[in-house]
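A.B. asks: Residue-level listing of the chains:
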Amino acid sequence: MNFILGILISSIAVTIIVLIPLLGVGAWNLYTLFGIIIPYAAMATFFIGIVVKVIGWGRSPVPFRIPTTAGQQWSLPWIKPSPIDNPKTTMGVVVRMIFEVLTFRSLFRNTRLEYRRTEGGPKLDYEWEKWLWLAALVFHYCFLVIFLRHFRFFLEPVPGFVSLLESLDGFMQMGVLPIIGFGLPGVYLTDMLLMAALTYLFLRRIYIHQTRYISLPADYFPLFLLLALGTTGLLMRHFLRVDITAVKELAIGLFKFSPDPKILSGIGVLFYIHLFIVCVLIAYFPFSKLMHFAGIFLSPTRNLSNNSRFVRHVNPWNYPVKTHTYEEYEDEFREPMIEAGLPVEKGAESTGETEEAESGEKE
Amino acid sequence: MYDGGKIIAGLIIGIGLLLAPFFYNAGTAAKAPDPQLTPKAKEAKECVTTALYMKSSHFSLLDEWRHTAVRENERYFKSPNGKIYYKSLQLTCLDCHSNKSKFCDQCHNYLNVVPYCWDCHIAPEEKK
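Residue numbers (numbering that gives the first Met the number 0), protein chains in the order written: chain A, 0 to 362; chain B, 0 to 127.
Think of the hints as simulated: they come from the structure by calculation, not from any bench.
Being a predicted model, the structure only gives us computed values, none of them experimental.
Where is the CB? At the ideal position from N, CA and C, for every residue including glycine.
Heads up, some of the hints might be wrong.
Unchecked claim - Partial chain B-side listing against chain A, Cβ under 8 Å, derived:
| id | residue |
| --- | --- |
| 1 | Ile14 |
| 2 | Leu16 |
| 3 | Ala25 |
| 4 | Gly26 |
| 5 | Thr27 |
| 6 | Thr48 |
| 7 | Met53 |
| 8 | Ser59 |
| 9 | Asp62 |
| 10 | Ser78 |
| 11 | Cys95 |
Produce the entire structure from the sequences given, and follow the hints as far as they go.
C.D. replies: In C-alpha cells:
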C-alpha cells in the first residue's frame, strides 16, 4: 500500500476517534455513555480479548524447538558456549527472556545494511544502528511510568511508589513554557520523552524507505493514537484544565463498580476525548500488533531452550502411520518365496536356512 | 494446551496486576475531598478571580504573582471586577484561607499533589 494512503487512512481514523466524544459529550451531552458505558465495554473487550488470544496461542502446538540461536551452541567441552543467547537450560531461557522483556536485547542487535560503491567496487557494510532500540526503550519505559503515575487517579489512598515516581519524574521543577504563568504545574520528563520518542518512531518509519515500504495503516494507527493520547493529556495538564477531583471520583467509582453519574457533567470535554482514546486503544489492543505485550512471553523463538540435540521432541499431531515392514512382507509371502527360490531372512523351519539365505544374498 | 500450567499462571499474574486498581479500591472506603471555607472567606463571597479559574489554575496565578512581584516589583493585582489585591500568598491568600488542613490539603492529598509553597512560606497556624 502506498505509504501516503496508509498515513491518510490512519490519521482520518484518529481524527474521527477525537471527534466522536467531542460531539457526543460536547454537543449531545452523552455523559453516561462516554464516562461509564464505553470505559466498561472497552475494559471487558481488553481483558476477554487478551485471555482468548493467549489461550488460543497456548493451544497451538509448538512441535519443534525453533529458538533463534544468537550465540555458540553448547557442544564440546573445549568450545565455549553462550548460555543466554543460545540457551541449553530453562535457567538460560529465563535469563534470556528477562533481558528481552526489560532491555529489548534483540532490538539492540539491530544493524543497518549498507551498500556502497567505493573506488575499488561495490561494498557491503553493517553499520552501527541503535536508534530504533533507544527510541523503543524510551517509549516503553515512559509509557510505563506515565501509566503508573496515573494511579494517583485510580487509588485512594495513593501508594508511596506513585509519589516517588512523580517526584523523580518532575525533579526538574520546570514549566511547560518559558512564559510567566506557565511555570506550574511542573513538566514531567517522561511526558516530553514519550512524545519525542513517538515522533521519532513515526519519522523513522517514513524516512527509511524499506520500513516505509512495509508499513501499513495498522502500523501508523497505534502511533497516531498514542500521539493523540499524549497530546490530550499534555493539553489537560498544562493548558485546558479539567476538574481532576471529579475525574478521580469517577475513576474510583468505576473501579468500585458504583460510578456516580452526577459528577460526570462537571468534567470538561477534553477529559472525555482523552478517555475515549484510551478506550479505543485498549479495545483495539487484543486485535492488533499491540498484543506483543503478551506475545513476547509466548514467542517460540525466544522462550524455548535449544536442546534438540539431546532431547527428543515428538510432534504431537503425528498420526499413526500405517506401515508394512519387510519382516511383515516376508511373513506374508515366505512360502511362495521359498518355493520360487528367493532368499529369505527367516527360514520356514530352522535358523540354518536363514544363514544360508543371507550368504546367498551377499553373493 | 501446551505448557498450559505456565501459560495460565502467567496469564493470571498479568491480568491480576492489570486488575489491581479494582482489588485495591474494593478494600478501602474512598471519601471525596471536602474543602471548607473559613467564615472570613465565606463573607468575602469571591476570590481574587472566578472560583472556576481558582479551582483549576490557582497555581498558575500564584506562579504569575511570584514572578511579577519578586522580579518585576509589581505588587498589586487587579481582579476582573476591578478590585485591587496585594500580591502575597501569606498576607492575601492565607488571610482568608487560613485553614490549610481543611482547605488546601483536602484536594492536594486526595490527588497526591505536593506543592512546594511550604518549602519557603510558613503554613498558617491553625486553631484546633
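A.B. asks: Hints first: check each against the structure and report whether it holds.
C.D. replies: Right, here's what the structure says about each hint:
1. Ile14: Holds, because the Cβ-Cβ distance from isoleucine 14(B) to chain A comes to roughly 6 Å (cut-off 8 Å).
2. Leu16: Nearest chain A Cβ about 11 Å off; hint violated.
3. Ala25: holds, 7 Å
4. Gly26: Violated, because the Cβ-Cβ distance from glycine 26(B) to chain A comes to roughly 10 Å (cut-off 8 Å).
5. Thr27: holds, 6 Å
6. Thr48: The hint is violated - threonine 48(B) has no Cβ within 8 Å of chain A, the shortest such distance being about 12 Å.
7. Met53: At 11 Å from the nearest chain A Cβ, methionine 53(B) fails the 8 Å test, so the hint is violated.
8. Ser59: Nearest chain A Cβ about 5 Å off; hint holds.
9. Asp62: holds, 4 Å
10. Ser78: With Cβ-Cβ at 16 Å, over 8 Å, it is violated.
11. Cys95: violated, 20 Å
When each numbered hint is compared with the structure, violations occur for hints 2, 4, 6, 7, 10 and 11.
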